[in-house]
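Using the sequences and the accompanying hints, generate a full structural model.
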Amino acid sequence: MISHRVRNVALALAATGVLAQGPLPSAQAAEGSAPIMIEYVPPAQRYLQPVYERLKQRKVLEQLRDFLSPLRLPLTLRIRTLQCDDTNAYWAGRAEGLKLCYEYVDWVERLAPAETTPEGFTPQDAIAGEFVEVTLHEMGHAVFDLFNVPIFGREEDAADQIAGFIMLQFGQDVALRTISGTAYAYQQQAKESSWSRTGFADEHETDEQRFYNYLCLAYGAQPATFQRFVDSNVLPAKRAANCGREYRQIQRSFMKTIMPHVDQEQMKKVQAMQMLRPDDGIIKRDYPQ
Amino acid sequence: MRLRPSIPAIVVALAMYSLAGGWAPALAEGVANSMIDIAYVEPSEGEYRPIYERLKKRQVLEELQQFLAPLRLPRKVLVQIEQCNKDTQRYTEGGSVTICYQYIHELEKFAEKIPPDTRTARGVSREDAVVGGFVQVVLNGMSHAVFDILEVPVWGREEDAADKLAGFLMLQFGTDIARSLLNGAAFFFEASDRTWTGSDFSDTRGTEAQRFYNYLCIAYGGDPKAFKDFVESAGTGMRRPGQPSERRIDLLPQHRAEQCQKEFLDLKYAFDQTIMPFVDQDALQKVLARRDWLRSNGGK
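The listed protein sequences derive, respectively, from chains D and L. Quick note: the first sequence, position 179, residue 179 per this note's numbering, numbers continuous. Adding 289 to a residue's 1-based position in the second sequence gives its number in this note's numbering.
By construction, these hints were calculated from the structure, which means they are not laboratory data. For clarity, every value in this text was computed on a predicted model and none was experimentally measured. Be aware that one or more of the hints could be misleading.
As the list claims (entries may be wrong) - Derived coverage of chain L by chain D (criterion: at least 3 residues anywhere in the stretch with Cβ under 8 Å from a Cβ of chain D; other residues may be distant):
1) 433-446
2) 489-499
3) 537-547
To be verified - From chain D, some residues computed to sit far from chain L (all C-beta separations above 12 Å):
4) A29
5) E31
6) Q45
7) R46
8) E53
9) R72
10) Y90
11) A95
12) E115
13) G171
14) V174
15) L176
Said to hold, decoys possible - Below, a sample of chain L positions facing chain D; criterion: calculated Cβ distance under 7 Å:
16) A450
17) Y502
18) Y558
19) A559
20) Q562
Quick reminder that beta carbons are idealized off the backbone N, C-alpha and C, glycines included.
Quick look at the structure:
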């Protein structure tokens, strides 16, 4: 389960079309894989209706299904957008599958800044990037569960790592937009939250830690692209020095534990997909604020 | 839950004996892991000399070599105790495991917060704090080296993974020793008065409070019956309007405790999948058959 606050973002992305349908021509699954079942469940609450309509119209789930098509799934994967009566997103287990809540999408849209922040986080990326993050984070939990992946550290951090790792495999533009949007969301939530001593007992890290973890992974993978965050001291030099190593750790873990379940040919097709469209994250506020 | 005893327990025991016990006889004959080199580097500052002398005389690292005999390492690694520029020296790929005299000195200072012959509310004695803290830093350092040398896939933060592997190994000793070690290790983080703000959170390590709760969670997750006293009882910590919370911050909150068994099973699974294939089972049985690892005389 996502941390209540952060995770909500993923949905927003979906809502706003970050996952707008790309040009993947063939959505066939990897050979021998179980199918992926998608569903947009109509919300009971009227205010969520526009979110539902938008997600459906932009075929967010269809694109997500294509995106996941290289995985050789051992059993049917169920993915739904729905009203949860909770601002969240969940991997709800093998039977219930992945649940992306309309409330979360709505929340992400509202969290976005009115204009570009001093760190360079744009309103558009704040929505698109965080939606991608929450979706991939929850998919990370799903993949760990479905493929019985050994997790030596903390699973919540592992889910952030796999989400970040995937964001970094689609070229410089997607990397910058998704990581920036993710960093923005955690930065905002960090401002809103204060941690008591027992707060540190939580299975999630603090929003500050997650903010730095994402930036560090990105800098470790693509130093030139993310150098600006080190130059401006958003990512402190002391941590930056370790990021190449941290990225290699994740890369090795991905190669050893996930790659054996990936259809390589299909993966190449997916990597050529347009993950983000130029207008993703730009939303018309067609519902009351 | 107690796993099949594994090597690490041995390490812990070793360290415990070394630090805590009067080292009456020389270290008993045992097979040492030939891939682990050791060194006690003489400190330049006189302040650390007593620690150096004590550890050397007690053959802490020799015992570590024997405890880890069943672990098949494809290349050599040096484990050394030396004076560093700071309290801790991070392991780097292909490097050596370094324990700093400064850290041990710090550990002993923290332990002195517990008056002699008393225990904290959670039951930590001064000796538990020193021994548990020392074993923690040795096993955490070895864990980083093992991840590197065996190319273990590590999901999650490596620092957390190293703490988890260290805690897992501590549990293999059986309930009583595990309690001393895990409780003592947790105490060191609990006793820290460091306040984290702003970019402090960019540290590769978790906060002391997070690491403290992680150690308690490993203990409780590994053996919920034996360590149920590490968990806040239901109903405490409730805040009445206008009243300050009465939470006990030295125990696991319920909401985390509920996760600990799953966390432990995930940890055991990761160990079995990634490390166990490198453990010589015959050698492990021999190591476990030894009964002289923990002859402590109780003194520090």
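Evaluated hints:
1. Only residues whose C-beta sits within less than 8 Å of a C-beta in chain D count toward coverage, and the region 433-446 of chain L has 8 of them, enough to reach three; the restraint holds.
2. A count of 8 residues in the region 489-499 of chain L with a Cβ less than 8 Å from any Cβ of chain D is obtained; the coverage claim is therefore met, three being the minimum.
3. Under a criterion of three residues with beta carbons nearer than 8 Å to beta carbons of chain D, the stated coverage of the region 537-547 of chain L is upheld, 5 such residues being counted.
4. With a cut of 12 Å on Cβ distances, D/A29 stays outside the contact zone with chain L, its closest approach being about 25 Å.
5. At roughly 25 Å, the least C-beta separation between D/E31 and chain L is larger than 12 Å, which holds for a residue marked as non-interface.
6. Remark: the non-interface label on D/Q45 is consistent with the geometry, its nearest Cβ contact in chain L lying 28 Å away (cut-off 12 Å).
7. Every C-beta of chain L lies more than 12 Å from that of D/R46, the closest at about 34 Å, which supports listing it as non-interface.
8. No Cβ of chain L approaches the Cβ of D/E53 within 12 Å, the least distance being about 36 Å, so the stated non-interface status holds.
9. Under the 12 Å C-beta cut-off, the non-interface status given to D/R72 relative to chain L holds; the minimum distance is some 19 Å.
10. The non-interface label for D/Y90 is consistent with chain L: the shortest C-beta to C-beta separation is roughly 15 Å, beyond 12 Å.
11. In this structure D/A95 is separated from chain L by more than 12 Å, as the shortest Cβ-Cβ distance comes to about 17 Å.
12. For D/E115, the shortest C-beta to C-beta distance to chain L comes to about 24 Å, beyond the 12 Å cut-off, and the non-interface label holds.
13. For D/G171, the shortest C-beta to C-beta distance to chain L comes to about 24 Å, beyond the 12 Å cut-off, and the non-interface label holds.
14. Every Cβ of chain L is farther than 12 Å from the Cβ of D/V174; the closest lies at roughly 23 Å, confirming the non-interface assignment.
15. Separation of D/L176 from chain L is adequate, the least Cβ-Cβ distance of about 20 Å exceeding the 12 Å criterion.
16. For L/A450, the interface hint holds, since its Cβ comes within 7 Å of a Cβ in chain D; the closest pair sits about 4 Å apart.
17. A hinted interface residue such as L/Y502 counts as satisfied when its beta carbon comes closer than 7 Å to some beta carbon of chain D; here the least separation is about 4 Å, so the hint holds.
18. The interface hint given for L/Y558 holds, since its Cβ lies 6 Å from the closest Cβ of chain D, which is under the 7 Å cut-off.
19. For L/A559, the interface hint holds, the least distance from its beta-carbon to any beta-carbon of chain D being 4 Å, beneath 7 Å.
20. The interface hint given for L/Q562 is met, as the beta carbon of that residue sits about 4 Å from the closest beta carbon of chain D, less than 7 Å.
Checked against the numbered hints given earlier, the structure satisfies every one of them.
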